[in-house]
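Trainee: Build the complex from these two chains, which are given one at a time in their own frames, with help from the hints.
Protein sequence lines, in the order shown, are assigned to chains A and B. Under our numbering, the first residue of the first sequence is numbered 286, with each subsequent residue one higher. Under our numbering, the first residue of the second sequence is numbered 4, with each subsequent residue one higher.
Just so you know, the hints here were simulated from the structure itself, not pulled from any lab data. Using N, Cα and C, we set each Cβ at its ideal position, and we do this for glycine too. Please note that a few of the clues may not be correct.
Subject to a maximum C-alpha distance of 30 Å in a straight line, what follows is the list of computed BS3-like cross-link-like pairs (lysine-lysine) [stated by the list, open to error]:
#1 B:Lys500 - B:Lys205
#2 A:Lys323 - B:Lys614
#3 A:Lys806 - B:Lys526
#4 B:Lys500 - A:Lys571
#5 A:Lys573 - B:Lys97
#6 B:Lys328 - A:Lys500
#7 A:Lys539 - B:Lys734
#8 A:Lys297 - A:Lys413
#9 B:Lys328 - B:Lys119
#10 B:Lys40 - B:Lys734
#11 B:Lys632 - A:Lys571
#12 B:Lys131 - A:Lys808
#13 A:Lys323 - A:Lys675
#14 B:Lys209 - B:Lys97
#15 B:Lys251 - B:Lys205
#16 B:Lys131 - B:Lys59
#17 A:Lys675 - B:Lys59
#18 B:Lys734 - A:Lys573
Listing some non-contacts, in silico: residues in chain B with all C-beta distances to chain A over 10 Å [stated by the list, open to error]:
#19 Arg65
#20 Ile124
#21 Asn227
#22 Thr409
#23 Lys670
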Amino acid sequence: GKEPPRHTVNVKDVTYICPFMGMIRGTLTVTNYRLFFKRVEKDSAFVLDVPLGVISRIEKAGGALSRGEVSYVLVCKDIRNLKFAHKQDTQGRTSVFETVMKLAFPVSHNLQVFAYEYGQIYPENGWKVYDPSAEYKRMGLPNESWRMTRINEHYELCDTYPVMLLVPANIPDEDLKRVATFRAKNRIPVLSWIHPESQATVVRCSQPMVGANGKRSKDDEKYLQAIMDANAQSHKLFIFDARPSVNAVANKTKGGGFESEDAYQNAELVFLDIHNIHVMRESLRKLKEVVYPNIEESHWLSNLESTHWLEHIKLILAGALRIADKVESGKTSVVIHCSDGWDRTAQLTSLAMLMLDGHYRTVRGFQVLIEKEWLTFGHRFQMRIGHGDKNHSDADRSPVFLQFIDCVWQLTRQFPAAFEFNEFFLITILDHLYSCLFGTFLCNRAAKEDRFLWSYINSHLEEFLNPLYVNYSHHVLYPVVSMRHLELWVGYYIRWNPRMRLQEPIHHCYKELLLKRAELKKKVEELQRELISRSASSSSERAASPTRSVTPVQTFV
Amino acid sequence: MLSLGSGGGKAAKPSFISYVTPEEIKIKDGEISRKQKQPDLQPGEVIFCSAYPVLKCEGPQRGVYGTLCCTNFKISFISEESLSEETAPPLSNKLLGENDIALSCVDQIYGVRDEKKKLIIGGQVKNKYPPKLLIYCKDFRVFQFCLSYAKEEEAKKIFQGIVHHSLEPKSLKCAFAFSYCEEVLSPEVSKKIPATVMFESKDNWKLELNRTRSSCKVAHVNENYVVSERLPQYFAVPFAVSDEDIRKFKGQGVPLWCWSHSNGSALFKMSALPNVQDDGTSQVYQMFVDRMTNAVCQNQMYPVKTQDFSSGFLPLADLQQSYNKFKQFFLIDNTAEFWLSDVKWFSSIENTGWLEKIQECLNKATEIVLSLEEENSCVLMIEDCSDLCCLFSSLVQVMLDPYYRTTPGFQSLIQKEWVVGGHSFLDRCNHLYQKEKESQSPLFLLFLECVWQLLQQHAPAFQFSETYLTVVSDSVHIPLFSTFLFNSQHQRDTATKLEYPDSQRHSLMIPSVWDWSLQFDWKVQALFTNPLYVEKPKQDKALRKPYRPKHQRQFSLPNSSSKPSPRKSFFKEETDNLKKMLSGMRIGKWINATEMQLSATRQFYESWQRKPLDYHGLILPCLDGPAIKIWLQRYLRWIPEAQIFGGGSVLTMKKVSDLAAEIEDLKNEMEKMAHNMHAGNTKKLFFSSFHAPTRLSSSFPFASLRTWSTRPVIPTSIVQSLGSVSNLAEKEDEDTEGVEVF
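Just chain B, same shape as in the assembly (with noise of 0.2 Å):
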């Protein structure tokens, strides 16, 4: 039997069956030096801890050993088994491994003992540890360590360390980022992403202005945040708002410029004045209240609808609480579990209220869009501009937008959107940890959700693919990107400040998610394209689409000088004949009386949906029931149980990719050959580059194939719950004296 030198919580007989079976390990002290490996570290990056051997475990019969560490960046498993390239998953990380979790990353820890789950909190952590380490990641990962082959001191310590840094409040200087900023001097990165405007500059802003060709002006009076910390320090306003009315309340109230329509309204957001009871500053309120208002209404000649947010709609708290919910019934480490929420998984899933919400969303976006087609401004308010106004005003823009569909596109919007316009990034994900979680709320990711929902009703109209999605909202747990890491600009450029600047910089340069080369080398990037993206057409006739867009948005270059009047309108037209149709009717029995009350966002889907789809004009969601589906790449892609092996909507991408890169190579033939002369490499990357697995999976590209078995996964629980057929099912089925009729 096996002996680990002294100590108590060893487990005696382990109730797997490993690669290496316990009486092989022999350990002595020079041994474990020898076998114990360092995990790959990046700039600025410390071990505080590790503990050798640990069993990882891979399902019920299969381990590995290897040490277990926690860094100020990421807990860490390095296996003894050196993995090869064929079993490494398609999807590599360069900063975080197949077995690394970013500390910020850890949703939950649970220490098993004789088979019993107990959640662990940080802070209530005595001198016991637990046998078995269960780890839930925000990305669905879920790891099983087993500590009891390592030493009692070393095994106390990581579990200590685990919970310590992942599960405990700290500060914002202990983000990663700021350990890494400190060692890499100066980062190529964030200073030029390619394509993506950062809105951190007047020139972008005014770019974004002529673009949708906007009568709005950047307003710069809060340069250095001397208005406002909240606000960012340049933002774009109607014409008529001046620096004074900026001022005045310290930019609330204010209406702040989001996007333009082609035919003249706007969209604009704005915080709440608060309320107040006295008379005297109710009045003032209410003045410049109606001041704002004309101002939007001057700028765009249109009328103005306020979208006020403050009465309770959508509240954080039910997000965060149903998001946990959701989350939960992908969280599974075995089978049993697996099967058994499979029993009742549409009214579990259905009991979460997730999707719920996620429609919800959309159908509000859907309203807001219906407002701006038919031609009036709207203003999204709530109390401090943030949250539910970035969710509602990206979303509105990626359904208006085509070029909010192209990636780059996507990337400027969450910056103008979100991180620009002063998302609490921080507090929202709850990076540090904070005790009072009540400003916790996964909002970033209900709009990667509602995204998600159009990207798969509508594949054609987006540049990126759902991987890329994915991707992104894993990222948000990396707490190396000032993306995702702070509360406002404000706060970001306070805190990568100096303290004592020296010749080569002032402040620390935090890298941008967007420079996805730091976590992906370019071959894997290429699986951010999606293949059926329906590029815009250009003028080149021979390549045109053959169908012609009739709602299709044309911008013009920033620098277009004439500027055309604003077109009617395009559904206008079309909502009022739908109207007309549906008053003239007569109404009898025939059709329930509520099968006709057709919400507004619903007419309007229906009128949208009877014109000829144009993948670069407008898209808007449909909502009913069985068309918002669960983002099943996110939410499954770890689950051994759940992997369609050789099947999955990847094999679809990978054909169409397929077939999309052989055409380009015909082209650049032709090409090559037309001119008689060698054509640039101007081949697209998608994912037919990978040509390694010659069976894809369900979960491609994120888990590896090596955990995959061959054997089927075949149901173990299926309670049934037909109790109300009993009668049905204890009837004879098969007639024997059925009439047969010919």
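Looking at chain A on its own, in the form it has when it is part of the complex (with noise of 0.2 Å):
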């Protein structure tokens, strides 16, 4: 049963400030999910349809149109920003605004938000999407060299890992805990894919205490002996450091660091040169300024090269790719952290895993993906994102995820037939990141939230599938990580300036030639039928049938 989102405001004569089309006046109805603004004249069908999940703050305009009029400012996650303008109201109640302010950022108020009251049903399950232990039963594990351990069953072992691990087979649960007081936050070594020829795997950890003074962990040091030991193939590991190096030594000061390469024979460690969230989110900030309302006539390029947004896509790109071919050619296990190995790590685990593994690029293989190297591997989608909270100067906002989704982008552009998604999916997943419809991407780690999201979609396939799709599995996807094929996503971050909604027209073509097909393949089907069963009956009546000429038939229709 669905409970229907309750009417909170009904405004009539509210004009909608659009950068694009000028002033709309229409009725503004906000309820607990969303804030829905129709236009008034009865012929023409605008109408802003916004979740208040995507509301990051909410500014009072200074200047009214005219006297008596109050305006607002509703600055978005989602790369825009609604000026809405209505009458004061004369009997001085509270304004609209001021009611969206409370129903926007329910946690800043006490209030529940609003995944937590929807009760659509799905006839698909979210929750049967990522089943860990059929996941790693499809990389054949646990193996000789690889063990399943319950150590973190109730969380014990670490509050933002999941429950099943992946270990080395000849660590005891016993070691396990005295490596996880060298690593942050007890996030120790553990592995996310393994390579299904040379058994070169991709573990992920968060930073080692080293602290200032150097100090090692013969544990750790063993255990990540073992590491490498699992895979006969290779006697070397790769250590990747997401981080600057300056960064990296920066944080021994702190307690954390680096793996010495004395202190790990055989390991060697690269770092990866990644910039921390809040290099991540000033390039936002200034990408949104290049790219809305208006973007200038000129000096665009430079523009967007002064936001560094593609620089550091690219950054991460390269990060991921030299992770993939340390481990596709040089059949070596590689080793992953950051700081805490739930940012960075996790955009190089799953974009090193996409690149490897053709079943990430399926639509469940990709759910599965972001199950498990972003929710049960303890992405903090809720601070990393604010949901429902007012405070939008946090320095813990930042976007990681979206510049997952934006990488995951880049390589369809590169590989437009290997993945079984296409861009709309991808943008889909992003609202909902903001939305707060589905429970998915509410919280801190994986725990009770649902998985409405992926109900959603698996329910609604049929719009987020790739014609293209070409199911090259076996392949390894080596994107090229120069800015010359990097690009802006338009389809994204200007989706909302009318000039630049270009035509997809070749998914469009291409659906309509499949429709073409199927049409064909019937009448020929009914054709073959018609013709067994004519020439059953007859075989004369044929050599009489008059012969027309062949007109050239049309290819496109």
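Mentor: Next comes the structure, spelled out in structure tokens:
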């Protein structure tokens, strides 16, 4: 049963000041889930339908249109601002936007986020999307080198890790506890992915607690050696530290740091130079300035460059590419960490796994990937997005997940037939990252929250499929991480600008062709049946049938 | 250690690992002649000089030995390795192989000595030769030849030969087309190229006038170029223009018809009359100009707008300069350079100004389209009715007329506006390597660039593919085709006239580039078709497209008699409404005044965009920064670092193409069964016929598979420029005390 969203406010004669179309008069309705604006004129179909969750902050704008009008700017997380104006209520009651403020930031007002009130039932059960043991089984795990441990069954080893962990077979649970003390937030190295042939593995963790004095841990060293030994093909281990080396060094003063090559023999440490959450947040802020509402007539490219957004995307992709290359071509196991191992590490492991394993390029596989590398391994969605929290300047907010999806989009651009899902799928995930309609991305670690986003998507699968998809699951994708091939994702960042709504004719054309083919196949089959029945009845008739000259047929419809 | 007889310039130790290690080459005279292979020669082609063994470097770790030679047509490297079918590039050219460079395709040559690159300038070459030669081509291939294994004498000769024949001025008669045509007596070519209208006869012009329902007339006063050498023999002018008018100023000041809109307005171009001080003359000029303007008005019954390009809009020298800077970013000979230029990529590209030129150009063309849509006839005017007139008249027609977006239509358009229209290809492309390069300018390329932008924004509107456009741009530098070789029709006719005509022929028949079979066999030509093209729906109801085009040009057949009254233009109303809407709006502080001051072309685009899209009607380009892109296929196809192995947009095209072929098969089968007979082979070929490469790369169909490695390209120098954010960068990222809400 669906619980209808409660009508909370309904105001007539509100002006929406659209940066593209000018002023639009209409009616504003606000519920506990969304903000709904409809133009007054009957013939126009203009509608704004915005989940309150996308609102980052609400500002009272200065300078009224005319006397007695108040105006507000809704600054949104999805790269747009909405400006409204309406007559000041003469009775001096609270403005509609003060109500919006309350509903948009329920957390700050001790209210519940909408997803907890939402009761839509879908034919597909999103909870069934990710079954860790099935996923490990798909990879042939556990095996003789890797065992499954239940040490974290009640989150007592690490409260940001999943229950089920894959660790080297010869390391007992007792040792794991000691290793945990040497890793930030107890996030010990555990297996994320194993190569089906070479047995090279992708292992993730947090930084070692080396500190200013260069502390060592025999257990940790032994543990990494065991990871290396689990892969007979190579006598080397690559440790990828996602951070710039400067930052990794700076972390030593706070007790953190990185593995010294003296302590970890046969290990090679590589810094991937990916910047921290604050740099990324700033970069996105600049990007919004450049693309919204209008794009400056000139200097587009240098303006884009000044945001550094694509440079960051390039670095993340380059890091994932180096990891995928080491695992695939070098047959070497890799250990990946940043500081806590839940932001950049998640980006790198999931992207490398997308490159390496075709399963993750399917709709369901991608859902598994997000479940596994992001949700169960404790990416701090609530902290990074700030659902329902009015504290918009919170330094913990950062577009880490957005960057990941952007990187995936870049991959789909370079390999248009390698992914089962389309651009709309990625945009839908991002929209519901903020919408608070589904509980999927609401918390800081996977717990009791719902998986209705996957239920929703899997119940409307047709819309999210890429018609060009060819299952080349056995191919490793090596993207070209040069600026020459990286592009700003116009379909996401500039989608509010109607001028940039360029046609996506290829998918459209392709779908039409698919329909045509299906139709023709049917006709051919019908004709075949007819022919068979006819030839059975008489064979002499056929010789007498008139021959017609063949007219050239048209290929496209 | 390797010893190669006498001589200096030898590398004692090669700095790369090659297939054949230097120790393996034992050079004896007899062996050389045995191993030395001859290049495939075209009729009329002669070898000037050659050298063996020369090493062609392919990346830092690879190389192939072979013979380097220079002919009157090309620089050719003949590899010792025999090329197998599989490794040959899919788009193989019959005239020029993978390792052949047409002489006029050479862009720059560098000598490399001790890792230092030095630009070689024609005419300044002395006795010395560099051990390594770097040849940058106009089609963006980069060759590296190591000369230090060849005999000193041969190496010197080949170096000097290459420099002389590709970097020094020559006469028109030296263009290879002449030697070729003397050998090939009657090329079946150029007689008839299916469906492409050459605009060399009166009938061609008449048909075109009929097709667009124009009331202009064909002028033949310039037969045998008696009036002007700049003008073609036949062209169209407004009805009221008399032969006397054309003779008066040798065709200057006369509006030459380009195209007529279905709404009755028309596009003309005109050479401006010279500026004069003398009052008497200027008065005569003024009267003439008025007369001509009236002639246009009378003809079209609509007001006339004149676009004068004489006032320094898009100066030719700027274009050249901008393109010179731009192309340098794609002529890359090593990996380090590739990643170094990647660091400030966007601003570097912006600073060249080339994309901005494309944008300006499309914007101007949109303006002209707007005028025509608003029922103003347009006259494009410049000094000699060439250059920018050609550019804009052709671009406007591509946007307005779906016929010009078909392959034959596009070729006819280039004939009409550029070739017969008198674009100075010889000077603008600098085919003869003239020292004074002021006249050089990439105008035709700019046209192709603009068409490419339209193609990538509205793919289903074009019958041809981007590969076709790339091949056209490459063909400009093959000096075998009359199409891009001359400054005017007159020059062509004069140059090809035989001094001693024999019974068989009076003049040389230089082939036209549109006879693609000279360069490519039919299978390769299939790559020129755009599988996304939506053909104009035929009357057959069963096959009709579901959508109903609202803004469709209905061209009657040439002999159709009824002439419907010009329709009211479609967009007029629309823009008027928009203007009303904008003026009626209260503009407060909400909307920046500048934000609302939309330019006319912007408004036009927006109103066009709101209409249902019709690929057989008008198409307009989006001009915002993110919509203007780099023609990656043309510029990146030879750079190994930039190849997406198993990816690229070509994959999409292949999929669509495969599906189209499948549908075609089904249709054939149906036809066969329906008529119970064998259907004729109506199968259309797309590039689905290329089955060989199981995994394509983004460089398909240009670069061959052989040069690819299966390892990814890892960026080497990711020098970051994030200085401004350093304070943030130092901040600790993960807040341990984050408040968990749930």
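Trainee: Checked against the structure, which of the hints given earlier come out wrong?
Mentor: Structure breaks hints 4, 5, 6, 8, 10, 12, 14, 17, 23.
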